[in-house]
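Asker: For the sequence shown, this note's numbering gives the first residue as 1118, with consecutive numbering after it.
In case anyone wonders, no lab produced these hints; they're calculated from the structure.
As the structure is a prediction and not an experimental result, all values here were calculated from the model.
Cβ coordinates follow ideal geometry from the N, Cα and C atoms, glycine included.
Using C-beta positions, here's what the derived DEER-type ranges look like: (1) N1246 <-> V1386: 52 to 60 Å; (2) F1568 <-> E1299: 30 to 38 Å; (3) K1196 <-> E1483: 25 to 33 Å.
Listed next, the in silico DSSO-like pairs over lysine-lysine satisfying Cα-Cα at most 30 Å (straight line): (4) K1188 <-> K1258; (5) K1223 <-> K1247; (6) K1152 <-> K1373; (7) K1521 <-> K1232.
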Amino acid sequence: MADNQTALIIGAGIGGIATSIFLAEHGYTVDVYEKNANAGGRCGHIVRDGHRFDLGATMVLMPEVYRDVFKSLGLTLEKDMQIRPLDDIYTLWFDDGTKLAFTTDKKRMGEQLEKIEPGSYAKAEQYVNKGFSLYTIGFDKLLGRNFTRFFQFFNLSNALLLVKLKTYLNHYRYTARFFRSEHLRMAYTFQNIYVGQSPFSAPALFSMIPAAELTEGSMFPVGGMYSVAERLMAKAVEKGVRFHMAKPVKQILVEKKKASGVVFEDGSVARADVIIANADLPYVYRRLLPPGARSRRLDRMKYSCSALVLHWGLDKQYPQLGHHSTFLSDSYRQGLDTIFRDKSVGDDPCFYIHAPVRTDPTAAPEGCDTLSVAVGVGHTDPKRPQDWDMITDRVRLAVLRKLKKAGFDDIEQHIKFEIVTTPENWIEALNVSRGSVFGSIGHNILQMGWFRPHNRDRRYRNLYFTGGSTHPGNGIPMVLLSARLVSERIIDEQKRV
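All chains should be modelled from the sequences, with the hints used to inform the complete structure.
Answerer: See the structure below:
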């Protein structure tokens, strides 16, 4: 247990809140400072006229990770939250009118797959089994542990592991071993966008995402994903953590090899024995720390894509849309190339719709619908400036055109209001570098494990990091893991100081 040690956390995202609980449990006096009026970060929400929109994450994927980390925080996922399993993870809509409900119901899944490509169900089962094996190995050996020394990662065993994890083969090419149908190859690879990747460049290791979905299923909490942040925050307060909202940090104070405290935008100062940044890691190096080579190296790394989101409050319900729907375009590869190569968005983009009223009627007034339409777009790039107002108009027309083709003829007339989030909005609201909302730093194999920005600074030995832009990566399950990993490291290292 820490003996009257103090910890200061910059940012009240999921990573910051969870880290505060771990440290408080081990005797630290913890203060969390958040730039915005509300906690949650990318797990926040927007409420307007009775409509509730999740800001970022919209489903509980990899529920076993939640259960495991919650247990270590003294919580039980199903007991401490009102959470509901989903029969269908999502429904995929293709341009030719074909639909595919991704479900853990193997009988129903098999019937659908066989209609699309005879013989594909057995192949799909092989794909899922292999992918889930990669998932369990990857968590055990790569994602679920700290790498504090060079040879913990660079050794013969891990070299063989990287081959076993299929890091040498891109995900889309890998699916050709299992499916001939382009529909099915899209269906089992579009999940790369969850971590801001293109399946045409991401390693086949990420077949673990659809495999984990189909093996463990998905869930949704009543109150939306923000309720995860609320429950964690309540636990933190119970442990004595103090939260300070609307208190943006301007600078991290450093002395020789130590971070001594922070300066706030209002000029006030707070000091602590340990500083943990839950803010976007590249932003921290670029704006909060003295300029140096580390920031320049981070600028040269590859960044994930961004998302343009249209939040619609409607005065009519559309029950034919399930809780989660993804519309996949025939111009799948062209669209992804436009996102990742041109840092823009194509004329016929794929998009995802979140309709939380299907599971939680409190997300909209009675008889109304709450829809969030998320479209993958390029991150901001000063070499490729974009007119996001024009792009938003173009994306809206493309989405409405596809929805009308799918039978939603009158949806535009029933939109009461629209809230738009562009890459520039992500930067302004959350200090996300380049608007790369999927963890900013990309997830190629040379930016994972030892290669990913570490969760402790090399020079300032009491400055740590948690969140999607450090190890192990983006997404709430990974961020929960990052909180546990950085807390374990702090507790181990600081007791020896």
